Amino acid sequence: MRKSLWIVGAAALWAATAVAQPLSVPYTQLTLDNGLNVLIHEDHSIPVVSVNVWYHVGSGREKPGRTGFAHLFEHLLFEGSEHVPEGKFDQWLEAAGGDNNGSTDSDRTNYWENVPSNALELALFLESDRMGHLLAAMSEDKVDGQRDVVKNERRQSYENRPYGMAFLTLGENLFPPDHPYHWPTIGSMEDLSAASYQDVVDFFRAYYGPNNASLAIAGDVETERVEALVRKWFSDVPAGPPVPPLDPPPAVLLQEKRLLLEDRVQLPRLYVCWLSPSYYAPGDAALDLLGSVLSDGKSSRLYHRLVYDEQIAQEVFAFQSSSQLESTFCIIATAREGHDLKEVETAVQEELDRIKTREPEAAEVGRAVAQAESSFLRGLEEVGGFGGKADRLNAYQFYTGDPDYFGEDLARYRAISPSDLSSAARRWLRDDARVVLSVVPEGRRDLAASESEEVRDDA
Amino acid sequence: MTHEARAAILLTAVLVLTATVGVAQMPDRSAPPALGPPPSLDLPPLTRFELANGVDVVVLERHRVPVAQALVLVRAGAVDDPEGKAGLARMTAAMLDEGAAGRSALELGDLVQALGAELTTESTEHATRIGLFVPTSHLEAALGLLADVVARPDFPAEELERQRLDALTEQLQARDEPRAIARAELAHAVFGPHPYGRTPDATSVGGLTVDDVRAFHQAYFRPDNATLVLVGDVTEAAVRPLLEDTFGSWTGAEEGRRPAQVGVAPQVEGRTIYLVDKPGAAQSEIRIGRVGFARSTEDYFALTVMNTVLGGSFTSRLNSNLREDKGYSYGAGSGFTFLPTPGPFVAAAAVQTDVTDKALAEFMKELEGISSIGDEELERARNYVALRYPRRFETVSDTADRIAELVLFDLPDDTFNRTVPSILAVTREQAEAAARRAIDPGSLAIVVVGDREVIESGIAALGLGDIVDLTVDDVLGPAPAP
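The listed protein sequences derive, respectively, from chains A and B. For the first sequence, the working numbering gives the first residue as 156, with consecutive numbering after it. For the second sequence, the working numbering gives the first residue as 755, with consecutive numbering after it.
For reference, chain A alone in the conformation it holds in the complex (with noise of 0.2 Å):
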């Protein structure tokens, strides 16, 4: 065995980094005379190229009644446009060798097409198409096939999925009814029902413009040759209306929310979560280094606690998901047998307690800082799909206005000591400003965290 040759290696490594040079995906840009913005990296690895674009709206701009139509929108756009027939979208790519998706969240509607590097020319004229000539093929039916569809997609994510219902929960109870993000992305049941032909009209003409919209290619290709196959398929396309920021005022918690819903689940669970900073805001990645240092790893602070140690808990999560207007903060703990949710509670807290008062050690961030740079060069390893190198450079784009900000992402969480830890915890975790949901199995209120009250069905 030759121990000492690597564990001095190991030893050092709290200073020592995994990427040596500046982080950086070089891209050419253009703008458009629509608007549209165009990024194009060149990746020359293997043969294939990715098609992405980003329209910056998502289930934030849905009005009352008519939550989930960003998603279901989404699922039209896969129907086809005015020279694509039904079906050929799909049949098309695949007879390409190609692949596609998209997604909607509450900020963003994004859509990619991975294809082999001589099909650039047909993901472009698809994209083209759809964002150019979508209504003329557009039908009451079409709207009534997908509407199905979703709410399958509704069953199947969350309503036969156990503790499906909760982050449905939590959207409504740590926004105001006002606020983009208080009702789901997926959309109510009702709002799925109520969505009208008319509806995709108008949100396509509000939103789906190339102004409000950004294209990144990434791939096997010249840069030169993709700016021209650009200009040839979206110089036509006319621009929408400009569409104002969404600007809501700042949701505040002024209470903390003790809440209880029964489930077809076997074990507890019980969840905890706070109002956070928006993405890239100063305090994003202190408390996504925080949701590291608490349960990624068996010595993390709440592993260790309440499932390696006291064995309380079969799993447990702490995470930051960021949105453009503001984040959540939450921690999911799932109760052993033979536990409940005030245990549980009482142990989450007095971890939380000990963080806010006293900073960790800097081998537990460190370790933190090493997982995310390690990411980061996971990341690079793709062209395509969701979080590959063109779905990046147009997040980027949209969030910070860099498409190239790989870099400097990956500086912030350098830059974060284990003090920034602690000061984070005690300035967005506060106790008398949270959501605590208990979700329990049926017939098992007993097993929740202490007075909570079980919530009503009236979303």
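It is worth saying that the hints were derived from the structure and are not from the lab. Computed from a predicted structure; not experimentally measured. For glycine and all other residues, C-beta sits at the position ideal for the given N, C-alpha and C. A hint or two may mislead.
[Stated by the list, open to error] Calculated cross-link-like contacts (lysine-lysine; reagent style DSS-like; alpha-carbon spacing at most 25 Å):
no., chain 1, residue 1, chain 2, residue 2
1, B, 1119, B, 1080
2, A, 243, B, 1080
3, A, 511, A, 497
4, A, 243, A, 387
5, B, 1119, A, 243
6, A, 243, A, 297
7, A, 387, A, 297
8, A, 453, A, 497
9, A, 297, A, 412
10, B, 1112, A, 297
11, B, 1112, B, 1080
12, A, 297, B, 839
[What the hints assert, rightly or not] A short list of chain B residues far from chain A (calculated; beta carbon distances all over 10 Å):
no., residue
13, 1020
14, 1050
15, 1217
Once you've looked at the hints, dock chain B against the given chain A.
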């Protein structure tokens, strides 16, 4: 690969151009743009060598990002679980990093994290896989930890207790997951007493001891029963001495056991519906299966193309019908699990409760109809599988998984470069013949996990076969005692 580029990490050179085009021309949209010839995948050769102690090593250099993926494959998996000890291979895999070479589980975990590494241990039917993803700047230290975990695990008794409590709680939680229930029942229904039909339960997991784990490790974790795959920003010359330093001292027990030789499971007889009651379920989980094929079948490519038409892509018949046409589901599909001996074929969907019978009828229609395939859908399926193939080598982890397939199925090294032309060469006759061979609609195990009170009469009216009513306990065994 056309050419390798170390383009990922460079100093920024951003060029901002502004559009100067005035009047926009209307492009011709009357037909989709013609495609040029598809690019070819041209992988660099695999480097193979053997360490002094007999460990086989396969290295593939990929220099795009400074990361590496190591993967140790030990030929022992769930099929090697002794009678009454289902879950032992899995428990052994889970215990590997719970203390090794005198370091505690916590110390090991801390070191791995500090290296920015990710260490994973898992067991499959025929193999235990220990994976390590790491930035290459920390490769040397991380390989040392990997070797300790594979060759020198300590198996502390108190860690086994933790893992057992974790596994038993997972057994309890599986009761909440219709998908987990459906998966287990399909394995039972298709394979019965065959090793592929065994699933761990609270009794078998509850009885596992440190001695069981130690014996399993001693029997199978030996240099002559393991292969190490390494993919990434490395060179053979640099990693050879590193691997000798870290893995070279591994000897293993003198007398090991050979991995189990598994026979071919008998085919499903007739058609039976296994209805597992999940009162109040918003959807029914449907699984329809039978015994499929071994990876070595000469029909491998034809079966793959045929399945793509049936349920292997978004535009496949199953998804087009059940999702796009009927709106019964968020997605429907099918697939073969190719193993050293024939694994399962499964068609699957989660459908809304009140159309369960109608959805089953559509499944049957598609399974009956797949013996006739059209030219257009055939070409689309061939291209979809063949032309996407290069993307399966995009990350170091995916690439290591591809190499693992070569190792575990004893495939020749030119398999990668032969795959694309072999798929493109599948004819309509071959695909239809594969369908007739693989999909006999009269021989199927049909599993439905859903709200029996609502769905049973409709299913019975279809007349597909006898209905066997099951409870969740029948499938997963009695709930573990606290």
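- Task: Quickly compare the C-alpha distance for residue 243/A and residue 1080/B to 25 Å and report which way the hint goes.
- Result: 18 Å, holds
- Query: residue 1112/B and residue 297/A: Cα distance at most 25 Å?
  - Reply: 21 Å, holds
- Message: Hint check: residue 243/A vs residue 387/A, CA-CA at most 25 Å. Holds or violated?
- Response: Roughly 21 Å separates the two Cα atoms, so the pair holds.
- Item | Given pair status - residue 297/A, residue 387/A, alpha carbons within 25 Å | 29 Å, violated
- Task: Assess, step by step, whether the Cα of residue 453/A is no farther than 25 Å from the Cα of residue 497/A, and give holds or violated.
- Result: OK: residue 453/A and residue 497/A at ~23 Å, within 25 Å.
- Message: Need the status of pair residue 1119/B, residue 243/A: alpha-carbon distance at most 25 Å?
- Response: 23 Å, holds
- Does the structure keep residue 243/A and residue 297/A at a Cα separation of 25 Å or less? 14 Å, holds
- Satisfaction of hint between residue 497/A and residue 511/A, Cα-Cα up to 25 Å: 21 Å, holds
- Does the claim that residue 1020/B lies outside the interface with chain A hold up, using a Cβ gap greater than 10 Å? The assertion about residue 1020/B holds, with a minimum of 34 Å to chain A.
- Hey, residue 1112/B versus residue 1080/B, does the alpha-carbon distance stay inside 25 Å? Within the cut-off at roughly 10 Å; holds.
- Message: Please verify whether residue 297/A and residue 412/A have alpha carbons no more than 25 Å apart.
- Response: Not satisfied, since the Cα-Cα distance of roughly 42 Å exceeds 25 Å.
- Task: Compute the least Cβ-Cβ separation between residue 1050/B and chain A, then decide whether it is above 10 Å.
- Result: Fine: 26 Å to the nearest Cβ keeps residue 1050/B off the interface.
In terms of the numbered hints stated before, the structure departs from hints 7, 9 and 12, listed from lowest to highest.
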